[in-house]
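A.B. asks: Take the sequence shown: its letter number 39 is residue 217 in the working numbering, and every next letter is one higher.
Keep in mind that the hints are not guaranteed to be accurate.
[Stated by the list, open to error] Quick list of simulated restraints, FRET-style, between CB atoms:
#1 341 to 673: 28 to 38 Å
#2 526 to 581: 48 to 58 Å
#3 319 to 609: 29 to 39 Å
#4 663 to 245: 56 to 66 Å
#5 211 to 562: 45 to 55 Å
#6 261 to 386: 18 to 28 Å
#7 378 to 689: 49 to 59 Å
#8 192 to 438: 32 to 42 Å
#9 690 to 461: 47 to 57 Å
#10 438 to 600: 36 to 46 Å
Calculated directly from the structure, the hints in this document are not laboratory data. By construction, the Cβ of each residue, glycine as well, lies at the ideal position given by its N, Cα and C atoms.
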Amino acid sequence: MNLLDEPWIPICRRDNRRDWISPLQLSDPDVLAFDADRPDFNGALAQFAIGLLQTTTPMDSPMAWKKWLLSPPDAATLAEWFRPVQAAFAFEGDGARFMQDFSLTPEAGSVNDIAALLIETPGENTLKHNGDLFIKRGQVEGLCPHCAAAALLCLQINAPAGGAGHRTGLRGGGPLTTLLLGQNSTCLWQDLWLNVRERSRFLDDAGDQNKTAPHFTFPWLADIASIQKEGGETAPIQVHPFHVFWAMPRRIRLDLNELEPGDCDLCGRSSSGLIRRYVTKPNGLNYKGPWNHPFSPHYENKGDWLPVHPQPGGIGYRHWLPLVIGLNSDKKKLRPALGIAQSPGMAQSQVPLRLWASGFDMDNMKARCWYEATLPLYGLPGCDRDTLDQLAAEVKFWLAGADLAAFFLRSAVKDAWFGADARGDFSMVDASFWHRTEAGFYTHLQATIEVLRAGGEDDPLPIRSAWQQELRRVCLGLFDQEFVGAGQVERQNPRRIALAHRQLRRNLDGPKFRQVLGLPVPETDKAKAKTKRQAKSPDGAEAPV
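Using the sequences provided together with the hints, build the complete structure.
C.D. replies: Next comes the structure, spelled out in structure tokens:
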């Protein structure tokens, strides 16, 4: 089985029918989207397809990019592109296998059940202490080769910490991935091609273009020692730039010797050879150094730029600015993924775009949640740098105001329920706040982008004021109707509630909130009196102010 011509990729066709295709059919206009049984598999398959196209396409100019966007290559053209790397995608046999250690033998490693390929599967220590309360053992005992390939790919991309010597992925465990999608995509090809850049521009980013031996791109084509010495590390300069798509931190080899017929525990399809075990060994490729993966936004930490990872609370409009344009403040510096910032689609696509962000929220070795969301871009593609800077400066005010309003609401709810010294998880308050204010944020965002694209000089104060009122309305509504006001009267402390409510209103109408939002702060009566006194001349007559 070779993954370049085997129909192993689950997709949804235009008539909503599920089907399986090979990479040679990625440009089929009847194919709309990936349709795996798990969302993390869909994310991994998208990265596989984009990485394959970026690795093999000869496209190297904006005109050629636009040509292939509007007139996708046929299967014969894709076959020609893929032919030089065909050997790297063999999935079976005694030699090199896709994403599997070249020289690992059963005697040299430990045997794991196939379920351990899935990131959320309970670990050995959890099973030993009977701690698999929510995700039970024994749910997956056999995978068909197609699902096993997707699971292996997904693990190598997202690999979390797995114990001593079991390496995390090139971007750490559970990285956040951001990709461009069409707002109303007509086919899968359009979504994939939006994330492919000119060949020479990609090759100039990092790595060593002179590392042309196949294993410097596809590390499973040779022994690990050909890239990394024992106990060593792997930096970008040690491999080819395309290696970022095919990183292999885990040393794994599937057991294909004792296959049994049956139904796959993931896709449910009947298979003549279910895979039930694999061999693994620690000390795979240890990725260190200035890796700049094209799918990951990065944040600055003590002078280094590190990949962003999803955090509890999910992905929402509060992440729009750093993921799309970037954020540069005294406290935080974040930059969007290189594939977003340099995508030809952002410069010349004639279709409305959106951003797809996804990834695991990992707590060391434990997967807490899978998050994904799509964020609209409206008319942002095609905007020049000055327009982007203007928009970023304005949105920064809105998000700073929303952060402060969420803090005010959370504090008021805590004070009303328990008092100021209470400790606990109040994340449900934040989640409700961000959800209720999302529509208003995007309404203002779309209007502002349209004005800036038209070259208008719009007064920002009306929108800032409207946003302040929106935040105020939501905070008071949640306090009165959902959190505090909805509680049982006999169990409440009326005085504490009244004080918390009064303080919340003061905060939402106060000068600090207006200042953070970039709104003018009215002068208080006390300040006016002080100004008047200072303006008087020594003899008591008022001087001109």
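A.B. asks: Output the indices of the hints that this structure fails to meet, ascending.
C.D. replies: 1, 2, 5, 10
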